[in-house]
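Protein chains: 4
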Amino acid sequence: MRYSFRNDYSEGAHPRLLEALARTNLEQTVGYGLDGYCDAAREKIRSAIGRADLDVHFLVGGTQANTIVIAAALRPHQAVIAAQTGHVNVHETGAIEATGHKVVAMPGENGKLTPAQVQAAVDSHTDEHMVQPKLVYISQSTEIGTVYSLKELEALRSCCDRNGLLLYIDGARLACALAAQGNDVTLSDLARLSDAFSIGGTKCGALFGEAVVLRTHIIRADFRYFIKQRGGMLAKGRLLGVQFSELFEGGLYEELGAHANRMAMLLRSAFAAEGIPMLTDSPTNQQFPILPNRIKTALEQNYEFEIWEARGNGTTVVRFVTSWATPEDAVRCLIGELHRLCAGN
Amino acid sequence: MRYSFRNDYSEGAHPRLLEALARTNLEQTVGYGLDGYCDAAREKIRSAIGRADLDVHFLVGGTQANTIVIAAALRPHQAVIAAQTGHVNVHETGAIEATGHKVVAMPGENGKLTPAQVQAAVDSHTDEHMVQPKLVYISQSTEIGTVYSLKELEALRSCCDRNGLLLYIDGARLACALAAQGNDVTLSDLARLSDAFSIGGTKCGALFGEAVVLRTHIIRADFRYFIKQRGGMLAKGRLLGVQFSELFEGGLYEELGAHANRMAMLLRSAFAAEGIPMLTDSPTNQQFPILPNRIKTALEQNYEFEIWEARGNGTTVVRFVTSWATPEDAVRCLIGELHRLCAGN
Amino acid sequence: MRYSFRNDYSEGAHPRLLEALARTNLEQTVGYGLDGYCDAAREKIRSAIGRADLDVHFLVGGTQANTIVIAAALRPHQAVIAAQTGHVNVHETGAIEATGHKVVAMPGENGKLTPAQVQAAVDSHTDEHMVQPKLVYISQSTEIGTVYSLKELEALRSCCDRNGLLLYIDGARLACALAAQGNDVTLSDLARLSDAFSIGGTKCGALFGEAVVLRTHIIRADFRYFIKQRGGMLAKGRLLGVQFSELFEGGLYEELGAHANRMAMLLRSAFAAEGIPMLTDSPTNQQFPILPNRIKTALEQNYEFEIWEARGNGTTVVRFVTSWATPEDAVRCLIGELHRLCAGN
Amino acid sequence: MRYSFRNDYSEGAHPRLLEALARTNLEQTVGYGLDGYCDAAREKIRSAIGRADLDVHFLVGGTQANTIVIAAALRPHQAVIAAQTGHVNVHETGAIEATGHKVVAMPGENGKLTPAQVQAAVDSHTDEHMVQPKLVYISQSTEIGTVYSLKELEALRSCCDRNGLLLYIDGARLACALAAQGNDVTLSDLARLSDAFSIGGTKCGALFGEAVVLRTHIIRADFRYFIKQRGGMLAKGRLLGVQFSELFEGGLYEELGAHANRMAMLLRSAFAAEGIPMLTDSPTNQQFPILPNRIKTALEQNYEFEIWEARGNGTTVVRFVTSWATPEDAVRCLIGELHRLCAGN
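Chains as they are written, first to last, in this note's numbering: chain A, 1 to 345; chain B, 346 to 690; chain C, 691 to 1035; chain D, 1036 to 1380.
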């Protein structure tokens, strides 16, 4: 049986969450997220952010979160600006377009949108014969593991303000971004600088679940209608409340992100030690070594990982993903095997 | 703390399902429903139906199931025929319309569509200035607890065949329908007579989850794209596989439905014994007594239940829902209290 | 060749409009409704209304007008309230649903929505599990020829205000409503009492064209984007400006409505004289006699008209429509033939 | 008054069409394109193509034509492949996305999609987490005036066949493509190689109107429902029939295209004679000279034309468009002025 570094949702839930679910299993609660566990989780999240004035909703998955926030934010003629690599642009089967909105894709730099690119997208849409860009979508951490700095986020926010744009931050892997070495962006910054952002649970210890935090009125208004209409209202909504309540108790959420990052940094150092270049400068739980095909093939005997991009020159970009559940032993074994393979080169 | 008969999703999961989730929690599997647990659950469902040639997919919730099946089945100009009381017509926040399709609502009889009403809907849509009715939506059991007989389903199927219509059966409460006294409709009948149907887990012992069973090509083709596009693809899809695998092991699914029905029949008999009329002739887990307001108010002290419809004449229709989790003790207590209240009348 | 009373768009344009199109044919103008003819027509319409603060746009057809106004007015979870007989409910192939919005159909009285029915629609939609009714759609004159009085419109407006609803008035046959005997609703009233209304040209002397008049901000904002996105932006937009400029010069618009009504009243009187009952109390250009089948069949030899509803009792409701183009001779001939047929009964 | 080369829809209709409209104005016909004039026009178009087995429908505008054909062709998860410059990608305010479909934009070469780019688009969409490319959209002539050769079209068709794709050709400026020097693609080729194509009238002598020619079943089925649902069904549909009947009588359609091209070639030669480079190698009615800013500014005194792209180096790409209505005198005057300006350089 090969150990899988394919993604960060290969296992179930962190034991603390599972225990909480078992402990509360036979209690009766009202449905649809209106129960006490959801209320408690909302309070803990607001408290972690340091603001009482935000709406917090819980959804099952990331595509749901992105689609529902965007559907709530935009009028029909308005469009999303995203990096070419943005999850909403490539990996959601046109979910945004299925709600009627175009995604205006810009090239991005290291998986990140820049203010200059946002401005270019706005400037090239001049009149009513084209869509009207209205919402900027970014991910923290990004789809290739990079992280926006506070300065970068502030510059994006300024650009949005100058152009009357909304800013939405997809935090499917937010725990790893928050815990990344060198990160200077807090939950409070995210709430201040975005109009809405999500806090991913699925990839950080939950069975499933994304919290969305809403600051701006147009998105908040009647948001529960949008959840229900898009199939995102969980009957036993307390399952989300119970889990997020655990994640935001005693710093578990960032702790799990920190563990994933530590495992990733072990890997990163090992690749560096062997002289293997990386595709991106990722301080988070996704690492993209550019492996000689011989090494890649040999590693596949005992490990699963994703093929990112075959290159013509005898190398292949692959993706290793660590998570809250990755045992250090598995990482050490991989590193050992890598070293043997490289030595035998 | 009042005991709640408000609905059949007030608790978590049946212990067997929760144990299975805990037992498999740290195993690594691939995501998105392509794991071995989902495969096993699919096989068990096919086996329970007695056919190997059906597609089975797992979704988180009922609105998702309905929306995705219907979006996959229809071209943009085509419409759904449903009873006025149908879940897709009133209780899904326009989810069907949000995919672009009109719901043509017909009055229904006892919550059930009749072939004559389906024919009337077809006949009144004569040309391209109106939508084209194409899919008939029914629920088994219905939103008011009634159950289609085999003969009624066969008559609907014939009507659909004569008019080139698809038939989709929403089985959110299918377990109770299958276990209802007098029911003569099997899973095999459902598969034979419908183009697609769902098997509800949320209301029958699962944390969440609906299986959809697809027979007809146009709905099956590329169905996974539809799941993803509509936000229904669960990253840790094995959670659905593990749960449905338990439900379809050793007859648990129908057993849970049977328990819920037994509790409901105890209630029904008690209401009858006190001379309280019922709104519908329901052999399943939803019961609709028409209570004198005095009784209603008194019962609300210790019990939660849904107000269905206030009537002008001093009575109120209320809904009591039982489930796999309803303890017989709770029902006996309620019955005792009802008897005391009525005796003291 | 049978003379057709089938509808009010059997001919081309009123000669004055056609001449204006010919006269301006080779002038060069900018496209998309930004030309001087459109500006002039907008001014004339504003002047006829007596307000300078309204937006006026020109569209090709009525379904376009209804769809675009409604798409601009609503957020995705919001719904339209309309009479069962409303054009948007039955005769636009689900165009409203294709933009994602449910139409909540109420029975209506004489083809008209009442405040009580609007209130009932609002009251039965209680929470986020259902759509949120937000816009009331009515037609003036209605689909069965009746006309709202000023008092009725004011009562609807009050009901809308109490419930935070928008009011949109489809004026596809507005000329006939304005010119109807007993009508007390002016263009100025329509602008004051509605959030948006349309002024139909197609059925009143134009080759095609509907003006939409917008008062309320949420509908006005970026409206040209909506026109373009829904395929309603005519390249040679001046064709609409030229035509509406003629219609609103020298009172032509109401004059054409008055002619159509006069022809309809001749018919109505003739039916009454022969003791033939009418389905509706219509003072406008649609008349619905309930004809004995013998008479109906005999009239079909020389005249075209629409079969509205076959009744079991040997009678058929049919629709006769007059227009700006109906010659009095044709009406006189029909009346003569009717008289002979009834006399020979 | 400046003469406008801004576009090919600055004037009304070719006199022959206007006369036909006037001549038939007071005839009564049935509505919605079911009249004899539409039938006759359909026959003439089928005859010009040389096939009797095609469906022909008439729509008012190009965005309508594109949207309706694509909405009819695709299931919700399917996407359009288009050149970055494609009209559906940039100039229709997201009309395609508003029907739920993503446009996958590829760079194009000279405004044309290549089979290699189509293949790349298909190959990069590998599974149900991404949209499924299903329809290739191209324009003939393209948005920058270029024309696909027969060989290029055949190669695209082969690529489509290999990948199960539909091919739709937007012929908004088809007359100019057909009449272009060196063109080897006939109407018959278009019908054979595409699944659907349009024949533009708006930019070739009609007041408005696009014919769409449908060959493939999935697009043809119930197409009139799609026309109505998307607001494209003209009440007085005969206006389209009358105009297309004229355009396809005696070769008028291609003759008008040929005139526009001749005027464009005069311009093109004049620019060449003055040593002014062109952005594209266009044999049709759109010409894109790269003008020194001094010349551009001087020409703007007496002529209107579109600014295409300001370049940093003291030049500006502009667009001159000729049409059936462009008088040779206007072109000669422009050429004279250009020559004087260049001589005085």
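Calculated directly from the structure, the hints in this document are not laboratory data.
Hints may be right or wrong, so weigh each one.
[What the hints assert, rightly or not] Negatives, chain C to chain B, calculated, CB over 10 Å:
#1 R741
#2 E782
#3 D971
#4 W998
[Claimed, not checked] FRET-style restraints, in silico, Cβ to Cβ:
#5 D1196/D with T297/A: 30 to 38 Å
#6 P797/C with E454/B: 18 to 26 Å
#7 G182/A with G596/B: 30 to 38 Å
#8 R220/A with A845/C: 42 to 50 Å
#9 P107/A with Q1216/D: 34 to 42 Å
#10 Q84/A with G1071/D: 26 to 34 Å
#11 E454/B with G1071/D: 57 to 65 Å
#12 H1126/D with R220/A: 50 to 58 Å
#13 G182/A with E651/B: 31 to 39 Å
#14 E454/B with A845/C: 33 to 41 Å
#15 G1004/C with G1071/D: 57 to 65 Å
#16 A52/A with P797/C: 53 to 61 Å
Ideal placement from N, C-alpha and C gives every residue a C-beta, glycine not left out.
Taking the shortest Cβ-to-Cβ distance between W998/C and chain B, state whether it exceeds 10 Å.
holds (13 Å)
Does the Cβ distance between D1196/D and T297/A fall inside 30 to 38 Å?
Holds - the Cβ-Cβ distance for D1196/D and T297/A, about 35 Å, lies within 30 to 38 Å.
Using the beta carbons of R220/A and A845/C, state whether their distance is inside 42 to 50 Å or not.
violated (33 Å)
Starting from the range 26 to 34 Å, see whether the pair Q84/A and G1071/D falls in it by beta-carbon distance.
At roughly 53 Å between Cβ atoms, G1071/D and Q84/A fall outside 26 to 34 Å, so the hint is violated.
Starting from the range 53 to 61 Å, see whether the pair A52/A and P797/C falls in it by beta-carbon distance.
This hint is violated: roughly 47 Å between Cβ atoms.
Are all C-beta atoms of chain B more than 10 Å from that of R741/C?
R741/C clear of chain B: closest Cβ-Cβ about 35 Å, beyond 10 Å.
Using the C-beta atoms of E454/B and G1071/D, is the stated range 57 to 65 Å upheld?
Violated - the Cβ-Cβ distance for E454/B and G1071/D, about 47 Å, lies outside 57 to 65 Å.
Range hint compliance [Cβ, H1126/D to R220/A, 50 to 58 Å]
With Cβ atoms ~34 Å apart, the hint is violated.
Cβ-Cβ distance between G182/A and G596/B: within 30 to 38 Å?
Once the Cβ atoms are compared, 57 Å apart, the range 30 to 38 Å for G596/B and G182/A is violated.
Given a hinted range of 33 to 41 Å, is it respected by the beta-carbon distance of E454/B and A845/C?
holds (36 Å)
Just checking, D971/C versus chain B, shortest CB gap more than 10 Å?
holds (25 Å)
With respect to the beta-carbon atoms only, verify the hint that P107/A and Q1216/D lie 34 to 42 Å apart.
holds (38 Å)
In this structure, the hints that do not hold are numbers 2, 7, 8, 10, 11, 12, 13, 15 and 16, in rising order.
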